[in-house]
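Line order of the protein sequences matches chains U and Z.
Number 113 marks the last residue of the first sequence (the numbering used here); no jumps.
Number 230 marks the last residue of the second sequence (the numbering used here); no jumps.
Keep in mind that the hints are not guaranteed to be accurate.
To be verified - No more than 30 Å apart at the CA atoms, straight line, and that leaves these computed lysine-lysine pairs for DSSO-like:
#: 1; chain 1: Z; residue 1: Lys186; chain 2: U; residue 2: Lys14
#: 2; chain 1: U; residue 1: Lys44; chain 2: Z; residue 2: Lys183
#: 3; chain 1: Z; residue 1: Lys116; chain 2: Z; residue 2: Lys222
#: 4; chain 1: U; residue 1: Lys9; chain 2: Z; residue 2: Lys186
#: 5; chain 1: U; residue 1: Lys57; chain 2: Z; residue 2: Lys222
#: 6; chain 1: Z; residue 1: Lys116; chain 2: Z; residue 2: Lys186
#: 7; chain 1: U; residue 1: Lys57; chain 2: Z; residue 2: Lys116
#: 8; chain 1: Z; residue 1: Lys129; chain 2: Z; residue 2: Lys222
#: 9; chain 1: U; residue 1: Lys9; chain 2: U; residue 2: Lys57
#: 10; chain 1: U; residue 1: Lys57; chain 2: Z; residue 2: Lys129
#: 11; chain 1: U; residue 1: Lys44; chain 2: Z; residue 2: Lys116
#: 12; chain 1: Z; residue 1: Lys222; chain 2: Z; residue 2: Lys186
#: 13; chain 1: Z; residue 1: Lys183; chain 2: Z; residue 2: Lys129
#: 14; chain 1: Z; residue 1: Lys186; chain 2: Z; residue 2: Lys129
#: 15; chain 1: Z; residue 1: Lys183; chain 2: Z; residue 2: Lys116
#: 16; chain 1: U; residue 1: Lys44; chain 2: U; residue 2: Lys57
#: 17; chain 1: Z; residue 1: Lys183; chain 2: Z; residue 2: Lys222
#: 18; chain 1: U; residue 1: Lys57; chain 2: U; residue 2: Lys14
#: 19; chain 1: U; residue 1: Lys44; chain 2: U; residue 2: Lys14
#: 20; chain 1: Z; residue 1: Lys129; chain 2: U; residue 2: Lys44
#: 21; chain 1: U; residue 1: Lys44; chain 2: Z; residue 2: Lys222
#: 22; chain 1: U; residue 1: Lys44; chain 2: U; residue 2: Lys9
If you're looking for bench data, these hints aren't it; they were derived computationally from the structure.
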Amino acid sequence: NAGVTQTPKFRILKIGQSMTLQCAQDMNHNYMYWYRQDPGMGLKLIYYSVGAGITDKGEVPNGYNVSRSTTEDFPLRLELAAPSQTSVYFCASNWGGSYNEQFFGPGTRLTVL
Amino acid sequence: AQKITQTQPGMFVQEKEAVTLDCTYDTSDQSYGLFWYKQPSSGEMIFLIYQGSYDEQNATEGRYSLNFQKARKSANLVISASQLGDSAMYFCAMREVWGGSNYKLTFGKGTLLTVNP
Numbered sequence: 001n002a003g004v005t006q007t008p009k010f011r012i013l014k015i016g017q018s019m020t021l022q023c024a025q026d027m028n029h030n031y032m033y034w035y036r037q038d039p040g041m042g043l044k045l046i047y048y049s050v051g052a053g054i055t056d057k058g059e060v061p062n063g064y065n066v067s068r069s070t071t072e073d074f075p076l077r078l079e080l081a082a083p084s085q086t087s088v089y090f091c092a093s094n095w096g097g098s099y100n101e102q103f104f105g106p107g108t109r110l111t112v113l
Numbered sequence: 114a115q116k117i118t119q120t121q122p123g124m125f126v127q128e129k130e131a132v133t134l135d136c137t138y139d140t141s142d143q144s145y146g147l148f149w150y151k152q153p154s155s156g157e158m159i160f161l162i163y164q165g166s167y168d169e170q171n172a173t174e175g176r177y178s179l180n181f182q183k184a185r186k187s188a189n190l191v192i193s194a195s196q197l198g199d200s201a202m203y204f205c206a207m208r209e210v211w212g213g214s215n216y217k218l219t220f221g222k223g224t225l226l227t228v229n230p
């Protein structure tokens with residue numbers, strides 16, 4: 001199993017550009033999550049999905065969009081990138097329910113200049 | 114108000130000694146879970162240990178144990194026999210209800226552990 005994979009690993013964007021961060025998992029997990037980690041801080045939830053076709057907002061959803069057309073993939077879309085979106089983005093997945101740990105991808109380091 | 118508080122921005126420990134990383138939490142839920150994750154300098158998040166609020170015994174996983182004191186709302190991570198490879202950022206996280214019937218993790222700001230040879 002590859003687990004949770006994310007692409008790209010690094011990206012530099014100019015203000016106003018758009019991009020999609022890719023996330024895929026091969027563990028057949030129902031739940032998938034996007035977090036951002038700002039310098040010196042813990043992770044904050046951006047969006048999550050409980051299954052294909054079902055997504056919902058987390059704590060910090062503004063400036064982002066998601067879709068979940070398959071169980072495996074959960075892309076995060078940034079429209080009109082802003083410097084405040086400079087961060088490390090983590091995708092995670094688990095079976096859901098109340099006890100399972102979340103399995104994290106390696107992260108994408110995004111800089112908006 | 115912060116829901117997860119890690120009061121130690123940085124900690125130092127000698128190799129082979131034990132170290133305790135502090136975590137206090139705030140919740141009014143009866144059912145919740147507490148997790149510890151390790152983030153080495155390479156950046157990935159590695160799950161270490163889990164404690165459920167109804168678990169009567171402290172969780173243990175190899176050299177990691179969780180000192181769970183429910184009345185004090187603390188869930189400290191104890192690493193025994195520290196190794197150089199334990200040098201990393203450590204995050205405490207709490208599972209809480211989000212969106213009605215789903216769950217999310219709320220993270221603390223982390224503690225940077227440095228193991229000295």
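Each hint, compared with the structure:
Our distance criterion of 30 Å between C-alpha atoms is broken by lysine 186 of chain Z and lysine 14 of chain U, whose separation comes to about 44 Å. Among the hinted pairs, lysine 44 of chain U with lysine 183 of chain Z is consistent with the structure: their alpha-carbon atoms are about 25 Å apart, no more than 30 Å. Annotation: proposed proximity of lysine 116 of chain Z to lysine 222 of chain Z holds, straight-line Cα distance about 11 Å (limit 30 Å). Between lysine 9 of chain U and lysine 186 of chain Z the alpha-carbon distance is near 37 Å, which puts this suggested pair outside the 30 Å criterion.
For the proposed pair lysine 57 of chain U and lysine 222 of chain Z, the alpha carbon gap of about 22 Å is at most 30 Å, so the pair holds. The suggested pairing of lysine 116 of chain Z with lysine 186 of chain Z holds, with an alpha-carbon distance near 11 Å, which does not exceed 30 Å. Distance check on the hinted pair: lysine 57 of chain U and lysine 116 of chain Z sit about 19 Å apart at the alpha-carbon level, within 30 Å; holds. Pair hint lysine 129 of chain Z plus lysine 222 of chain Z holds up; C-alpha atoms about 26 Å apart against a cutoff of 30 Å.
Simply put, lysine 9 of chain U and lysine 57 of chain U have alpha-carbon atoms about 24 Å apart, close enough for the 30 Å limit, and the pair holds. For the hint pairing lysine 57 of chain U with lysine 129 of chain Z, the CA-to-CA distance comes to about 44 Å; that exceeds 30 Å, so the pair is violated. At most 30 Å may separate the alpha-carbon atoms for a hinted pair to count; lysine 44 of chain U and lysine 116 of chain Z meet this at roughly 12 Å. Among the hinted pairs, lysine 222 of chain Z with lysine 186 of chain Z is consistent with the structure: their alpha-carbon atoms are about 17 Å apart, no more than 30 Å.
With a C-alpha separation of about 29 Å, the suggested pairing of lysine 183 of chain Z with lysine 129 of chain Z holds against the 30 Å cut-off. Of the supplied pair hints, the one linking lysine 186 of chain Z and lysine 129 of chain Z holds, its CA atoms being roughly 29 Å apart against a limit of 30 Å. Annotation: proposed proximity of lysine 183 of chain Z to lysine 116 of chain Z holds, straight-line Cα distance about 15 Å (limit 30 Å). Proposed proximity of lysine 44 of chain U and lysine 57 of chain U is supported: the alpha carbons are some 12 Å apart, at most 30 Å.
The suggested pairing of lysine 183 of chain Z with lysine 222 of chain Z holds, with an alpha-carbon distance near 21 Å, which does not exceed 30 Å. The hinted pair formed by lysine 57 of chain U and lysine 14 of chain U meets the criterion: a straight-line CA distance of about 25 Å does not exceed 30 Å. Proximity of lysine 44 of chain U to lysine 14 of chain U is assessed by CA-CA distance (about 23 Å); at most 30 Å being required, the pair is judged to hold. Only pairs whose Cα atoms come within 30 Å are accepted, and lysine 129 of chain Z paired with lysine 44 of chain U is rejected, the gap being roughly 34 Å.
Restraint check: the Cα-Cα separation between lysine 44 of chain U and lysine 222 of chain Z comes to about 11 Å, which is no more than 30 Å; the hinted pair holds. As the CA atoms of lysine 44 of chain U and lysine 9 of chain U are separated by approximately 19 Å, the hinted pair is consistent with the 30 Å bound.
Going down the numbered hints, you'll see the structure goes against 1, 4, 10, 20, while the others check out.
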